[in-house]
Amino acid sequence: MTEDLTPAEAYAAARARNADAATALAPFREMYEFGLDPFQIEACQALEAGKGVLVAAPTGSGKTIVGEFAVHLALDQGRKCFYTTPIKALSNQKYADLVRRYGNDKVGLLTGDNSVNGDAPIVVMTTEVLRNMLYAGSQALSGLGYVVMDEVHYLSDRFRGAVWEEVIIHLPESVTLVSLSATVSNAEEFGDWLDTVRGDTEVIVSESRPVPLWQHVLAGRRVYDLFEEETDHGGRGASRREVNPDLQRLARTENTRTYNPRDRRRGKMVREADRERERRQRSRIWTPGRPEVIERLDAEGLLPAITFIFSRAGCEAAVQQCLYAGLRLNDDDGRRRVREIVEERTAAIPTEDLHVLGYYEWLEALERGIAAHHAGMLPTFKEVVEDLFVKGLVKAVFATETLALGINMPARTVILEKLVKWNGEQHADITPGEYTQLTGRAGRRGIDVEGHAVVLWQRGLDPDHLAGLAGTRTYPLRSSFKPSYNMAVNLVEGFGRHRSRELLETSFAQFQADRSVVGISRQVQKNEEGLEGYREGMTCHLGDFEEYARLRRDLKDRETELARQGAAQRRAQAAGSLEKLKPGDVIHVPTGKFAGLALVLDPGIPAGRTNGHRGFEHHDGPRPLVLTAERQVKRLASIDFPVPVEALERMRIPKSFNPRSPQSRRDLASALRSKAGHINPERHHKQRSAAADDREIARLRTEIRAHPCHGCDEREDHARWAERYHRLQRDTQQLERRIEGRTNTIARTFDRIVALLTELDYLRGNEVTENGKRLARLYGELDLLASECLRDGVWEGLAPAELAACVSALVFEARQSDDAVAPKLPAGNAKAALGEMVRIWGRLDALEEEFKINQAEGVGQREPDLGFAWAAYQWASDKSLDEVLREAEMPAGDFVRWCKQVIDVLGQIAAAAPKENSTVAKNARKAVDALLRGVVAYSSVG
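Numbering-wise, my numbering puts 349 at position 341 of the sequence shown, and it's gapless, one number per residue.
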């Protein structure tokens, strides 16, 4: 090829090669066995040019290579690089990767649990650790050149997302930011914001997967392709993908109603041959069992596979089902290697705890190549599963969706059992973004030629809906940023109130709100032009038609209001008459489907009272249960009684009457007709309209008749224009209110928080008081409550185990609220202190309401949850793991996670508590030591 070049072209090519060899990117590329993709090269070149970068690319595409290049640049320039991740497990994994490349002396780790070589030039940390460093003005920030924010799309997270924005806003200008995100549809908008707050930022978006993804549906014995022709293999190619017509036919057949023996066709029973044909058709369609699915994939060479089940219990049950089915995916050599690795990684766990943790059942499944992966598992167990899966020794993992969040566990195949999951409030369809995140695990770069996403057939599955999920590759990034109490005191301490307010207005949340206002403002301008045209249309030569139209509108509004009042009064009279009914009253139902003679069996329950027997509430007045003259027993509603009702007669209801017995109903209805069938109900006379005697209506009518425009020949024409003018003006005013509501929203929330903190003496103007300085050291959802407890001495004199129980209420949140069962609490001082914490929260809650700080908007203090207090107390009192877990009824993984969060907050309290005349700091440190033992103390660093 070079022989075809002219001398000038050959010289230019040689110069380009020499220039490329002189860059930092050239030696970095040599570290990898594979060539870099164009988007990786583009991002690395931008970084080397001194720009910040935002890289948005699908899961598994290798965007972390850009972060690793930032590490390489930092070492090359003699500067530091902080690599931040959203979760500790991902920090641990990245730490291990970087240690393998650069050695222990150059890499450190800082999470809530671990501190390893924190002064190293490369430090991996959770995002919260970096945020705390920035507020504390840590010396570790000296010499910092690069910050990598992995999984930056976490800033959408409603609980923790604000931390990402705090870091981005507060990082020194000299630091180059590398933001790595999943594919989001508004990457350019996010990039524009980064450009505004961080300076020159290059946005690099890649939407192509490195390994093609094929979409399937498994129904019965057959695997159906979701798309008839998948020429772009799950990317966003230009080719149009049609849903497989075989799959659509299957859905139509399966979702039609099943055979019912009572069905008739042309007056005869459905023929036996038809039923047999239907049975044969349906026998080909079923949802395969979990062991059957794994066996099928194994036979077709599609393992390793991750099956996503949106339930921890479901994951554990799936493993048991595979064991009971005798499934074995490892040979003897594989089983031996699994046992060696597991025994080495779990050697630190005391023998007495192994049985409690379900170790032996877990090991048996691992030896067979099968495992569960969910947040309820012990962190060590989860890490072993991840390690064995990557090594190819675990081939089938049943996982909850938490596995999709950044952990490096790619598979050949991903299976989704259902497209519906519990979101904490209700069962909801998974979103296109969630589907993309889950199926993004399929296809291992450099190993698999293609990846496979398999959805199991379920009754009611809609192939078109599934195609919509699979075809929508992106989802928008939405800021969840909200100021907090801790943020407010730290900002005022560092920048003063005015500058803090300005900083908050640079948040992505306000940036998005302001952008949305631009579109609304344009609409307001269009509306104002329209209003001008309508004003011309309603101009009258006889007078001010706008004034005349306002009089007509006032008249209409007054008439509507009086009509509404009259209707409400009639409803109240009707409800009052229903409350007077008694069992045995014979009434005439005036309207509705059951109009006519009826016998009251049960007068119903007054408004707001719960009918325990029926299990529903009557919010709209009494709902009498009646027997109609046509033998029907029905519970009526207030809508059946537009006018008051009176008893026409009285009847005795036999004690033997059974409303479910047709004979009983027939006999009593016959007696009802005999007793009262001849009675004609008294007609309800219509009352005189309130409008007829209303002085305001009389005045308005007089003014309308006297107005000059009333005599205009084109009056009704003008009136139509005036009505259009009024409607458009009302719409415009609503848009203007929306603009007002979205402008400076973050700053207004900050102002309310500052006002409350000033009321509590945490702030005095631009001064942060001693109370405020204590609050500045407390990070967490209940930061202000913790600070108030320290100020009021609520925890003074508590033993370490009692303090651990109290602090647990600041971090614990039950997965499912269970108000019916009061949590078990330690007796004595701890119980009294927990009660006082709840009382202080009540006081703060009332203050927040007064200062219009709304918890529903993610700002403010939730009620402390006492559900973990007994478990924390028991564990800190040196009770055995078996005893604690049995009483807590909690998985080991959850127990360890909550204990570590309690330890984290205890450390903050030890730093924030008074140093003199106080036992809290000393006992907080003792409580940390008491909790940090056994399963809680196992290092989660591999």
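Possibly wrong hints are sitting among the right ones.
Cut-off 20 Å, straight-line C-alpha distance, at most; resulting in silico cross-link-like pairs (EDC-like, lysine to aspartate or glutamate) [to be verified]:
hint, residue 1, residue 2
1, Lys564, Asp702
2, Lys934, Glu924
3, Lys564, Glu554
4, Lys399, Glu360
5, Lys426, Glu300
6, Lys908, Asp853
7, Lys887, Glu897
8, Lys601, Glu554
9, Lys564, Glu731
10, Lys781, Glu924
11, Lys839, Glu804
12, Lys832, Glu924
13, Lys832, Glu744
14, Lys781, Glu360
15, Lys564, Glu711
16, Lys399, Glu352
17, Lys908, Glu744
18, Lys887, Glu360
19, Lys534, Glu744
20, Lys683, Glu657
21, Lys908, Asp890
Note that these hints are calculated values from the structure, not bench results.
Hint-by-hint comparison with the structure:
1. Only pairs whose Cα atoms come within 20 Å are accepted, and Lys564 paired with Asp702 is accepted, the gap being roughly 13 Å.
2. About 17 Å separates the Cα atoms of Lys934 and Glu924, which keeps this hinted pair within 20 Å; it holds.
3. Of the supplied pair hints, the one linking Lys564 and Glu554 holds, its CA atoms being roughly 15 Å apart against a limit of 20 Å.
4. Distance hint between Lys399 and Glu360 is unfulfilled; the C-alpha atoms sit about 29 Å from each other, more than 20 Å.
5. With a CA separation close to 16 Å, the supplied pair Lys426 and Glu300 stays within the 20 Å bound.
6. Distance restraint check for Lys908 and Asp853: the Cα-Cα separation of roughly 27 Å exceeds the 20 Å cut-off, and the hinted pair is therefore not satisfied.
7. The suggested pairing of Lys887 with Glu897 holds, with an alpha-carbon distance near 15 Å, which does not exceed 20 Å.
8. Of the supplied pair hints, the one linking Lys601 and Glu554 is violated, its CA atoms being roughly 47 Å apart against a limit of 20 Å.
9. Taking the CA atoms of Lys564 and Glu731, the gap is near 12 Å; set against the 20 Å cutoff, the hint holds.
10. Taken as a hint, the Lys781 and Glu924 pair is honoured in the structure, with Cα atoms around 16 Å apart against an allowance of 20 Å.
11. Proximity of Lys839 to Glu804 is assessed by CA-CA distance (about 13 Å); at most 20 Å being required, the pair is judged to hold.
12. With a C-alpha separation of about 33 Å, the suggested pair Lys832 and Glu924 falls outside the 20 Å cut-off, and the hint is violated.
13. Taking the CA atoms of Lys832 and Glu744, the gap is about 52 Å. The hint is violated against a cut of 20 Å.
14. Under the criterion of a C-alpha separation no larger than 20 Å, the hint pairing Lys781 with Glu360 is inconsistent with the structure, at around 45 Å.
15. As the CA atoms of Lys564 and Glu711 are separated by approximately 14 Å, the hinted pair is consistent with the 20 Å bound.
16. Restraint check for Lys399 and Glu352: the C-alpha separation of about 15 Å stays at or below 20 Å, so the hint holds.
17. Distance restraint check for Lys908 and Glu744: the Cα-Cα separation of roughly 48 Å exceeds the 20 Å cut-off, and the hinted pair is therefore not satisfied.
18. Of the supplied pair hints, the one linking Lys887 and Glu360 holds, its CA atoms being roughly 13 Å apart against a limit of 20 Å.
19. A threshold of 20 Å between alpha carbons decides the hint, and for Lys534 with Glu744 the separation of about 13 Å falls inside it, so the pair holds.
20. Taking the CA atoms of Lys683 and Glu657, the gap is about 8 Å. The hint holds against a cut of 20 Å.
21. Restraint check for Lys908 and Asp890: the C-alpha separation of about 18 Å stays at or below 20 Å, so the hint holds.
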